[in-house]
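Assemble the whole structure, with the sequences as input and the hints as a guide.
Protein chains in written order, with full-length UniProt numbering: chain F, 1 to 385; chain S, 1 to 385; chain Z, 1 to 385; chain U, 1 to 385.
What the hints contain is simulated information worked out from the structure, not anything from laboratory work.
Don't be surprised by glycine CBs; every beta carbon is placed ideally from N, CA and C.
Watch out, some of these pointers could steer you wrong.
Claimed, not checked - DSS-like mimics (lysine-lysine), calculated; alpha carbons at most 30 Å apart, straight line:
{"#": "1", "chain 1": "U", "residue 1": "LYS225", "chain 2": "U", "residue 2": "LYS89"}
{"#": "2", "chain 1": "U", "residue 1": "LYS334", "chain 2": "Z", "residue 2": "LYS35"}
{"#": "3", "chain 1": "U", "residue 1": "LYS225", "chain 2": "Z", "residue 2": "LYS89"}
{"#": "4", "chain 1": "Z", "residue 1": "LYS89", "chain 2": "Z", "residue 2": "LYS123"}
{"#": "5", "chain 1": "F", "residue 1": "LYS89", "chain 2": "S", "residue 2": "LYS225"}
{"#": "6", "chain 1": "S", "residue 1": "LYS35", "chain 2": "U", "residue 2": "LYS89"}
{"#": "7", "chain 1": "U", "residue 1": "LYS35", "chain 2": "Z", "residue 2": "LYS334"}
{"#": "8", "chain 1": "U", "residue 1": "LYS334", "chain 2": "Z", "residue 2": "LYS225"}
{"#": "9", "chain 1": "S", "residue 1": "LYS35", "chain 2": "F", "residue 2": "LYS334"}
{"#": "10", "chain 1": "U", "residue 1": "LYS225", "chain 2": "Z", "residue 2": "LYS334"}
{"#": "11", "chain 1": "U", "residue 1": "LYS43", "chain 2": "S", "residue 2": "LYS43"}
{"#": "12", "chain 1": "Z", "residue 1": "LYS123", "chain 2": "Z", "residue 2": "LYS334"}
{"#": "13", "chain 1": "F", "residue 1": "LYS225", "chain 2": "F", "residue 2": "LYS43"}
{"#": "14", "chain 1": "F", "residue 1": "LYS35", "chain 2": "Z", "residue 2": "LYS123"}
{"#": "15", "chain 1": "F", "residue 1": "LYS225", "chain 2": "S", "residue 2": "LYS43"}
{"#": "16", "chain 1": "F", "residue 1": "LYS35", "chain 2": "F", "residue 2": "LYS225"}
{"#": "17", "chain 1": "S", "residue 1": "LYS43", "chain 2": "U", "residue 2": "LYS35"}
To be verified - Distance ranges between label pairs, derived from CB positions:
{"#": "18", "chain 1": "Z", "residue 1": "PRO233", "chain 2": "U", "residue 2": "PRO108", "range": "29 to 35 Å"}
{"#": "19", "chain 1": "S", "residue 1": "LEU332", "chain 2": "F", "residue 2": "LEU332", "range": "50 to 56 Å"}
{"#": "20", "chain 1": "Z", "residue 1": "ASP258", "chain 2": "S", "residue 2": "SER32", "range": "53 to 59 Å"}
{"#": "21", "chain 1": "U", "residue 1": "PHE237", "chain 2": "Z", "residue 2": "ASP127", "range": "53 to 59 Å"}
{"#": "22", "chain 1": "Z", "residue 1": "VAL235", "chain 2": "U", "residue 2": "ASP120", "range": "38 to 44 Å"}
{"#": "23", "chain 1": "F", "residue 1": "ARG154", "chain 2": "U", "residue 2": "ASP382", "range": "52 to 58 Å"}
{"#": "24", "chain 1": "F", "residue 1": "LEU332", "chain 2": "S", "residue 2": "GLU46", "range": "55 to 61 Å"}
{"#": "25", "chain 1": "S", "residue 1": "LEU332", "chain 2": "F", "residue 2": "ASP157", "range": "42 to 48 Å"}
{"#": "26", "chain 1": "F", "residue 1": "PRO233", "chain 2": "S", "residue 2": "ALA266", "range": "35 to 41 Å"}
{"#": "27", "chain 1": "S", "residue 1": "ASP258", "chain 2": "Z", "residue 2": "ALA51", "range": "50 to 56 Å"}
{"#": "28", "chain 1": "U", "residue 1": "PHE237", "chain 2": "F", "residue 2": "LEU332", "range": "56 to 62 Å"}
One letter stands for each residue in the lines below.
There are 4 protein chains.
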Amino acid sequence: SPIITLSAGPVDAYPVVLRALSRPVTYDFDPSFQKFYESTVLKTAESLGTARPPVILQGEPVLGLEAAAAALIGADDVVLNLASGEYGKGFGFWAARHCRELVEIEVPYDDAIDPEAVSDMLKARPDIRILSVCHHDTPSGTVNPVREIGAICRAHDVLTIVDAVSSFGGMDVHPEDVNADIFVTSPSKCLGGSTGLCIVHVSERAWAKIDANPAAPTGSVLSLKDWRDAWRPDVLFPFTPSVSEIHALDAAVQNYLDEGPEAVWARHALTARACRAGVRAMGLDLWPVRESICADTATTVRVPAGLEDAAIRQEARRRYGVVFSAGRGSLLGKLVRIGHMGPVARPIYAVVAVTALGGAIAALGGRADVGAGVEAVLAAIDGAE
Amino acid sequence: SPIITLSAGPVDAYPVVLRALSRPVTYDFDPSFQKFYESTVLKTAESLGTARPPVILQGEPVLGLEAAAAALIGADDVVLNLASGEYGKGFGFWAARHCRELVEIEVPYDDAIDPEAVSDMLKARPDIRILSVCHHDTPSGTVNPVREIGAICRAHDVLTIVDAVSSFGGMDVHPEDVNADIFVTSPSKCLGGSTGLCIVHVSERAWAKIDANPAAPTGSVLSLKDWRDAWRPDVLFPFTPSVSEIHALDAAVQNYLDEGPEAVWARHALTARACRAGVRAMGLDLWPVRESICADTATTVRVPAGLEDAAIRQEARRRYGVVFSAGRGSLLGKLVRIGHMGPVARPIYAVVAVTALGGAIAALGGRADVGAGVEAVLAAIDGAE
Amino acid sequence: SPIITLSAGPVDAYPVVLRALSRPVTYDFDPSFQKFYESTVLKTAESLGTARPPVILQGEPVLGLEAAAAALIGADDVVLNLASGEYGKGFGFWAARHCRELVEIEVPYDDAIDPEAVSDMLKARPDIRILSVCHHDTPSGTVNPVREIGAICRAHDVLTIVDAVSSFGGMDVHPEDVNADIFVTSPSKCLGGSTGLCIVHVSERAWAKIDANPAAPTGSVLSLKDWRDAWRPDVLFPFTPSVSEIHALDAAVQNYLDEGPEAVWARHALTARACRAGVRAMGLDLWPVRESICADTATTVRVPAGLEDAAIRQEARRRYGVVFSAGRGSLLGKLVRIGHMGPVARPIYAVVAVTALGGAIAALGGRADVGAGVEAVLAAIDGAE
Amino acid sequence: SPIITLSAGPVDAYPVVLRALSRPVTYDFDPSFQKFYESTVLKTAESLGTARPPVILQGEPVLGLEAAAAALIGADDVVLNLASGEYGKGFGFWAARHCRELVEIEVPYDDAIDPEAVSDMLKARPDIRILSVCHHDTPSGTVNPVREIGAICRAHDVLTIVDAVSSFGGMDVHPEDVNADIFVTSPSKCLGGSTGLCIVHVSERAWAKIDANPAAPTGSVLSLKDWRDAWRPDVLFPFTPSVSEIHALDAAVQNYLDEGPEAVWARHALTARACRAGVRAMGLDLWPVRESICADTATTVRVPAGLEDAAIRQEARRRYGVVFSAGRGSLLGKLVRIGHMGPVARPIYAVVAVTALGGAIAALGGRADVGAGVEAVLAAIDGAE
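Written as structure tokens, this is what we have:
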């Protein structure tokens, strides 16, 4: 078994979340659970910085993304999908199922979307109704400027779908701040929660569009509408919620609010900054083309020439018990991913990451100056004092 | 908060399941989790009495039913849906989304399907390709003769979808025994597990039909196909499984196998038999028209004339802390449901149920001879000695 | 395994206590634990209705009683021990190890101490310095009038040791209210906590006496003095506290304060009252000679002539999964004990108790009108409306 | 709150232990618990490499040491206590309470006992009946040659008390291998268990001596005799065992047996070796005078001149969230202790320890070459390949 998991998710949950998971399972229609559910949803809204209760879908975030596409995108819609990585690109496949035309802006997967390009496209194609963008494209470890993109969309009256699955809770990103009409996130990444739920914020404009979409699913696990008012104690659940996952969500969100969001973001940022410093000091290359687009919640490292990513990950796991994530899709084999999410978003884990990565590379005959790497991590931590 | 929950589900999970829920969340692609997942699926197959690994869908059983309809039923298919209750009837709505024609046999919701009627219909309509039936129609507390129906279907080369959500694990019903081609069940009813997963057995014939169905979903949370081989450690998960729910499933199934299925069924049966005896001895009426179709896993009681079901349930909860389930759909207000599933499938809980139900009715001015009811429960327990 | 435990302790812990037990074990000298410990002790003081931080001894309550005797009783002391049951009598053995002379008032073990007898004895023997009394003598299910006795002791300037192990938290008994100088209780009875700790309130007068006693233990697990100031974060623990048990104590006390002590006592009292009514209505005899001395936290029932207590308990466990406690010492075989402590101090468990006891007796050929018993329980519950 | 605890105990418990702690609390006299207790004790005996069921005392290991002294040492006995550290020295205080004469061999607390000195003393004082020795004197991080000492004692027919509290489970030390007549250990150090119990092996010779000692306690929490046969399901517990702690002990021992003792010792040894290499490579000094007496379960580092130990520990905790132990007694302020016990007995934690210690020292203006330290840790890990 691994000793320390530094994956890009699912991540190690906080102990308080694990304890919440072991709460007795209760009958979902009992008033005590209905009130608990309401309280959890309202608390989640608070964490999202909004007064609108989010929809909690009873499955992991891909359900939220698939459901968002199905609900929001009508048969007459032109959708602009921004693809700066595997996840952003992937959303296009769901969008294409429902829309009249899918337009894309695509950049290399070690780069980020330029807001100007979005602005230009929206001018060129005034028929675009919906834009979709991934904030932190996890397989790349890069972030897109969703705040700027959201403002541009609003100016063009374009509805925006933002995938903030692996950034919300670890970075300062909130649906209303970034003008997101649908904002999908997860309890199991930066919130250090469990993996079986998905949080979907839907703006008033988005609900209006969904209500007007005859193809928006109902009577389906894919339905946003079915769950729209499920947070209200006087409304029946459309089907059984995942009781234990709700217990876990409650604990994860409470834990986040108790620690203080700013403090949580700060330790995610410091851990990532220290990790990047260590990686570079070892003589390795970050995957993103420039540091300003690196996520605070995962660090991606280019696989050194002559080595195989699987061998590096296996060696790190075998020697040190440290687990990293592989690349995905077209990036498989090109990079190694180090997660900084939830309980491991702590600078000491940057030491662990740099040592295990460098040690594994060195053991395989690569070049990695681990001593310099760890010194650089410590210097970055010093810099935060 | 309630003290004793005798709902028709979700039910109180076994303590060993609650402990399993608090296991550390692990990275799903780590080999240790992949092996754990395989082991859980194979163990679940064993509990189902089959060598075929079931598909585990990452949501509650309605996901499995919706997914089964979407995968199996093609645009040219004629489907025979058997409706002896709200759940059986409800499946027809999913079936109707996909089929050319939906045929139904419907009986009053306090009765069960007659296998002869099925046989007659299949003779009359040889174009029927698929039959769907709910074994225990939970809102009614009645069971359909799925074994006989399955044999008839096989004789007519008709594929069968069996909803065994609230019977498997508490009664002797297994996919291959009843000739089910798709058999959907839940960890959170008679297995006393958690609510966030669904177990779907798919026969070889059903897979062949699904493979031939161009509309069978892929790249979707609704897809059976995506998860078909996910149990194999060398196959990547299509999306993130609900790690904690898998931990819970493993514990629930292991607990079932450790206690011994026959012993588990026996205590479900005895609890239900004792409960029915107590209900009748109090002078109340069972909902089903005859006792031979009563489920071993829930007892439904007709609301006495002049009383309201909600008042009865509230009084039972307020006075005694005992929670029952309400009716659903067209049965709402007509009956009260007492669950006998998992940890509460123990005869002593028949005493609790009878006392709380009778006490509540008496407190509301109804007639219920609680003393006679409890004596009858004890006599039924004696009868099992 | 048993299904429902109605023992006189250890009792089933509340779920919140079980979750607290699973908190990570922390280094006892870390400031975070030292603060947690302080907070737990102060919260426990609050529950005791006093501003004096109690001593938490790291073992079950007999440790507290043995330690109290060793610390308080000096070689020149005359001690009056009140013996109305096995536990009260038993304290005399510890007292006798340390005192010059042990005086006892003993009554039959189905009766309680008369305060007048205490008053008379203290007048007759003005050299008595210390009195010891058990509030709820658990093996008998009887309570002594500790409030009256405490007042008499105070008037005679006699120090009082009160064993409130199985009454505090379920009845209105607090050290300063009853003039107790040492008051020993447990987290694992009415508080529904864990079994590994003991709570010892020590008055200022008692500390003065202990400080003056050269034989009071130090450097020992038996020492009250070693732990006197351990609650202060700036004082080192004399040895390692039971970290997980402290977690459990914190949860148990918080749970008690959250529910509200009056509400907790009320449900203990109602459960006991209903249970006694049911027992009598079945035609069985309570063990105590009169109902006014029956404890709210356990009901003791005389074994009917011709039956064996072990057979009754075994039959209740085998048929119904219900566990009762046996008698102890000289009372073994004469009575059966039904606990009403913590989570099972709920009237519905009086139904369970009466049914299982009566059913077992009837199954063994004895006479017990279970129907009448359950009706009487319900009537008692009605009476509380 | 700390992030990573590398204390010398209590240590972070294994997750499986935390889950076991959350098992329902059961009535201790129920047959199911009595069998569980027996099974736990026999499993513990297996881990100790003996067929003799150990005594489980219901408190932390100092209870075991105090109880051992009280039971074994009679008023006529001459006891030889070996003092190479605070804990060894401390046992002398308990021994002195009971013996006729206490003889000591004392060496500086950074050194270990020479078996020849023991041999010489036993020759010189043939009236010595009992020898006491601490295997790993935790405050010093040094180990005594208990195997050699035990053999010498046996040759002189001297009974031996061995304190193996912080070595058993992390090193190859077992009571019969080292001729220990009383062998005291803990679930909460190298076994990664909970803190509230103590394991005491007692040889047949020791029981004979105890039985012959009229002062051996009975009717006391200090009594070994009371608990001697408590493991037998047909013997009543003398007082209530700490139910949850027994659950935890069972899990900790099972976990140890499942992983395989040799594998567990190997990772303790490798972690310690790597840690020592890192400490030295940073330019710091180990506390023990020579590496051959360093424990596998804790590394002690001399506080560099000009720095304060408390400042170092606080800085490590504040910057990195890493907790170390302080010195104790006369060693307070002279050294910092790094634990390698249970779940943190993994080489990656030597990286964490070296980095946090070196980083803290450097931050305080001391000299510590962290880069070289981490490289040395990795080289040590490489050496184990």
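Exercise. If you draw a straight line from the CA of LYS43 of chain U to the CA of LYS43 of chain S, is it 30 Å or shorter?
Worked result: 27 Å, holds
Problem set entry | Assessment of proposed distance window 38 to 44 Å (beta carbons of VAL235 of chain Z, ASP120 of chain U) | 42 Å, holds
For this session: Indicate whether the distance between the beta carbons of PHE237 of chain U and LEU332 of chain F respects the range 56 to 62 Å.
Result: For PHE237 of chain U and LEU332 of chain F the Cβ distance comes to about 59 Å; the hint holds.
Exercise. Does LYS225 of chain Z lie within 30 Å of LYS334 of chain U when you go C-alpha to C-alpha?
Worked result: 29 Å, holds
For this session: Below or equal to 30 Å on CA atoms is what counts here, so check LYS89 of chain Z against LYS123 of chain Z.
Result: Measuring from Cα to Cα gives roughly 22 Å; hence the hint holds.
Exercise. Between ASP258 of chain S and ALA51 of chain Z, is the Cβ distance one that fits in 50 to 56 Å?
Worked result: Given a distance of about 51 Å, which is inside 50 to 56 Å, the answer is holds.
Exercise. Are the Cα atoms of LYS35 of chain F and LYS123 of chain Z separated by 30 Å or less?
Worked result: Given pair LYS35 of chain F, LYS123 of chain Z is violated - Cα atoms ~61 Å apart, limit 30 Å.
For this session: Mind checking the alpha carbons of LYS225 of chain U and LYS334 of chain Z for me, to see if they're no more than 30 Å apart?
Result: Satisfied, since the Cα-Cα distance of roughly 29 Å is no more than 30 Å.
For this session: Decide if the proposed pair is consistent with the structure: LYS43 of chain S and LYS35 of chain U, CA atoms, cutoff 30 Å inclusive.
Result: Within the cut-off at roughly 28 Å; holds.
Exercise. Taking only the CA atoms, is the gap from LYS35 of chain F to LYS225 of chain F under or equal to 30 Å?
Worked result: 20 Å, holds
Problem set entry | Given pair status - LYS334 of chain Z, LYS123 of chain Z, alpha carbons within 30 Å | Roughly 36 Å between the alpha carbons, so the hint for LYS123 of chain Z and LYS334 of chain Z is violated.
Exercise. Does LYS225 of chain U pair with LYS89 of chain U here, judged by a C-alpha cut-off of 30 Å?
Worked result: Within the cut-off at roughly 26 Å; holds.
Of the hints listed earlier, those the structure fails to meet are numbers 6, 12, 14, 15, 20, 21, 24, in rising order.
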